[in-house]
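Peer 1: Produce the complete structure using the sequences and hints provided.
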Amino acid sequence: MLGGLRFDNGTVLATHPDAPPSDKYIIPGPVVEETFWQTPDIARYWNTLPDAGLANIGFEDLNVTGPFDGWLDWVLAWLRVYEMQVLRYPRLEFCRERIASPLRQVIELLEDPDPARWVQVLKKNEGGRSLYLSSKDLHGGNILVDDQGTIHAFIDWEFAGFVPSFDRQSDPIQGFVWMAKKELGPEDIPSALHDWPKRFSDVFRQRDPSGHAEWVAETNSDSLGVKGAVLHDLWNYLRCVIEVCVRDQGNVNAGKGAWLQRVEKALGDLLAV
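Using the working numbering, the letters of the sequence shown correspond one by one to residues 8 to 280.
Because the hints were derived from the structure by calculation, they are not lab data.
No residue lacks a Cβ here, since even glycine has one placed at the ideal position from N, Cα and C.
Worth double-checking, as some hints may not be accurate.
Claimed, not checked - With a straight-line Cα cutoff of 35 Å, these simulated DSBU-like cross-link-like pairs (lysine-lysine) come out: (1) K131 - K272; (2) K143 - K131; (3) K130 - K272.
Unchecked claim - Just the calculated beta-carbon pair ranges, DEER-fashion: (4) P122 - G11: 41 to 49 Å; (5) S217 - T55: 51 to 59 Å; (6) L191 - L56: 42 to 50 Å; (7) D154 - G275: 49 to 57 Å; (8) K205 - D276: 23 to 31 Å; (9) I150 - D202: 36 to 44 Å; (10) G65 - D255: 19 to 27 Å; (11) E118 - R206: 40 to 48 Å; (12) T72 - R105: 24 to 32 Å; (13) R206 - T72: 36 to 44 Å; (14) S208 - E41: 47 to 55 Å.
Peer 2: Right under this line is the structure:
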């Protein structure tokens, strides 16, 4: 199950003689993501457009809730939300004709009670081994270590979220290379990013062969199936397009260009026979 935590009222469990107060039961609840639309931004970017019928749109309309049975259900929920945003937000009109129809087709493929073969494979292979709660900000500055080199804590979890094991945004190697940029120099960073994965893998294999074998298996981009990786790309790039174009801030050119092209390619790959 994929979700956050919340308090239950404990109506049934409270009948046990040793039961704690009813408001102390912790059960699965809605997911929490740093990419959520928060209340101030909803008021600023969405509720100020009454002519588009968005004056009363709220937190649960623009975000997913949950909990979900797995990663596929979670992504499907996001695609439904993104479809609504593409269809209704004025600044997203530029991409509506290009992606709304194929996006609806992909959603219907995922909802189909007799799903396509790749969806069946995805459901079969999406087990916990391929899904993690990732810090997404793992680097030396966020690890507490004592003088003996013992790790005591990982801090700064505000960017955390659920990702497949092959998600490059959660790749710790890039985080550590970025932390070392002052020592490396900007001209050395590309080669470090290229070389460090192999160096990391070699040391890992020497120190823990079985752990290394598991790492290799789970960071393979085919761990959710080839189309699972494409579906992950679709979710990620569509989110980016919507965020920058609704706010009209950040890399809007990429949102209307390269990122949108990645969305179109992913949709085409998923709909290909």
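Peer 1: Hint by hint, say whether it matches the structure.
Peer 2: Going down the list of hints, with the structure as the test:
no., hint, verdict
1, K131 - K272, "25 Å, holds"
2, K143 - K131, "26 Å, holds"
3, K130 - K272, "22 Å, holds"
4, P122 - G11: 41 to 49 Å, "27 Å, violated"
5, S217 - T55: 51 to 59 Å, "56 Å, holds"
6, L191 - L56: 42 to 50 Å, "46 Å, holds"
7, D154 - G275: 49 to 57 Å, "55 Å, holds"
8, K205 - D276: 23 to 31 Å, "29 Å, holds"
9, I150 - D202: 36 to 44 Å, "22 Å, violated"
10, G65 - D255: 19 to 27 Å, "22 Å, holds"
11, E118 - R206: 40 to 48 Å, "44 Å, holds"
12, T72 - R105: 24 to 32 Å, "29 Å, holds"
13, R206 - T72: 36 to 44 Å, "42 Å, holds"
14, S208 - E41: 47 to 55 Å, "29 Å, violated"
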